Amino acid sequence: MHPLPAEFYARPVVDVARELLGCTIVHGRAAGMIVETEAYHEGEPACHAFVGLTERTRPLFGPPGRAYVYRSYGIHALLNAVCEPEGVGAAVLIRALEPIEGIEEMRSRRGVADECELCSGPGKLTQALGVELEHNDSDLGTGPVRFLARARRWEPGAVTAGPRVGITRAAELPWRFALAGNGHVSRPRPLGWRPAGRAAPARSRG
DNA sequence: CATGGGATTGACT
DNA sequence: GTCAATCCCATGC
Numbered sequence: 203m204h205p206l207p208a209e210f211y212a213r214p215v216v217d218v219a220r221e222l223l224g225c226t227i228v229h230g231r232a233a234g235m236i237v238e239t240e241a242y243h244e245g246e247p248a249c250h251a252f253v254g255l256t257e258r259t260r261p262l263f264g265p266p267g268r269a270y271v272y273r274s275y276g277i278h279a280l281l282n283a284v285c286e287p288e289g290v291g292a293a294v295l296i297r298a299l300e301p302i303e304g305i306e307e308m309r310s311r312r313g314v315a316d317e318c319e320l321c322s323g324p325g326k327l328t329q330a331l332g333v334e335l336e337h338n339d340s341d342l343g344t345g346p347v348r349f350l351a352r353a354r355r356w357e358p359g360a361v362t363a364g365p366r367v368g369i370t371r372a373a374e375l376p377w378r379f380a381l382a383g384n385g386h387v388s389r390p391r392p393l394g395w396r397p398a399g400r401a402a403p404a405r406s407r408g
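The opening position of the first sequence corresponds to residue 203 in our numbering, with each subsequent residue numbered one higher.
Note that these hints are calculated values from the structure, not bench results. Don't take every hint at face value.
To be verified - Restraint-style ranges between C-beta atoms, simulated for each label pair:
| no. | residue 1 | residue 2 | range |
| --- | --- | --- | --- |
| 1 | R371 | P214 | 17 to 27 Å |
| 2 | G276 | R355 | 34 to 44 Å |
| 3 | V314 | R231 | 33 to 43 Å |
| 4 | E336 | M203 | 17 to 27 Å |
| 5 | E357 | G276 | 37 to 47 Å |
| 6 | P358 | R273 | 36 to 46 Å |
| 7 | P397 | G289 | 35 to 45 Å |
| 8 | E374 | E306 | 40 to 50 Å |
| 9 | G276 | G345 | 21 to 31 Å |
| 10 | A373 | V253 | 11 to 21 Å |
None of the values given here were measured: they were computed from a predicted structure. Where is the CB? At the ideal position from N, CA and C, for every residue including glycine.
Could you put the whole structure together from the sequences, leaning on the hints where they help?
Following this line, the structure appears as structure tokens:
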């Protein structure tokens, strides 16, 4: 596996969000496969870049292939990959990973044992990987936090899409993407998500 | 300089 | 289901 080149990110952010599924994030000895993402673009009000170029949003408008890390609710660091050509404010939020390596390190950082609780959320995965605000604006190809390419394309139907989580504006856009049936996807599960090994989700009320 | 609002999580009812 | 924790930054005076 090789680091994703800048050209990979210099495309429509929704395409990048979909294609980041299955890629690997490495920080130190900890690594995980991306199983859930969300796209954000300056043209819609849920994106931080919607307000224009400020000190906070500067990385979003910078060159593609770098990290945008910010603090959420005063507690969590959230990791994004900056996309689209320089000058366009857009990024993909990494929402969940399937742990691959350094799982004991992740357990230690998270303070929980259950493997499905290590990286099943945007705040959880940064804590598990040890990603912090100091990684803001670092290069995802050559810096301490690296995004590695996946080997091949997904089968049709492997990816589900749905509305983004936790936003109040532009909530109708189906810009959340996840690997269908993967147990490391965060809550709430996207529409159409199906648990692995089951024919269909239980629908009856009682 | 003061204020208000989050791209969340975990604990509790 | 509800709610508090707690930091950064954009905005307005």
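Going down the list of hints, with the structure as the test:
1. R371 with P214: 17 to 27 Å: Since R371 and P214 have Cβ atoms about 20 Å apart, the given range 17 to 27 Å holds.
2. G276 with R355: 34 to 44 Å: At 39 Å between Cβs, range holds.
3. V314 with R231: 33 to 43 Å: violated (19 Å)
4. E336 with M203: 17 to 27 Å: Taking Cβ atoms as reference, E336 and M203 lie about 25 Å apart, which means the hint holds.
5. E357 with G276: 37 to 47 Å: The hinted range 37 to 47 Å holds for E357 and G276, with Cβ atoms some 41 Å apart.
6. P358 with R273: 36 to 46 Å: holds (38 Å)
7. P397 with G289: 35 to 45 Å: holds (42 Å)
8. E374 with E306: 40 to 50 Å: holds (41 Å)
9. G276 with G345: 21 to 31 Å: Cβ of G276 to Cβ of G345: about 25 Å, so the range 21 to 31 Å holds.
10. A373 with V253: 11 to 21 Å: Because 18 Å falls inside the window, the suggested range holds.
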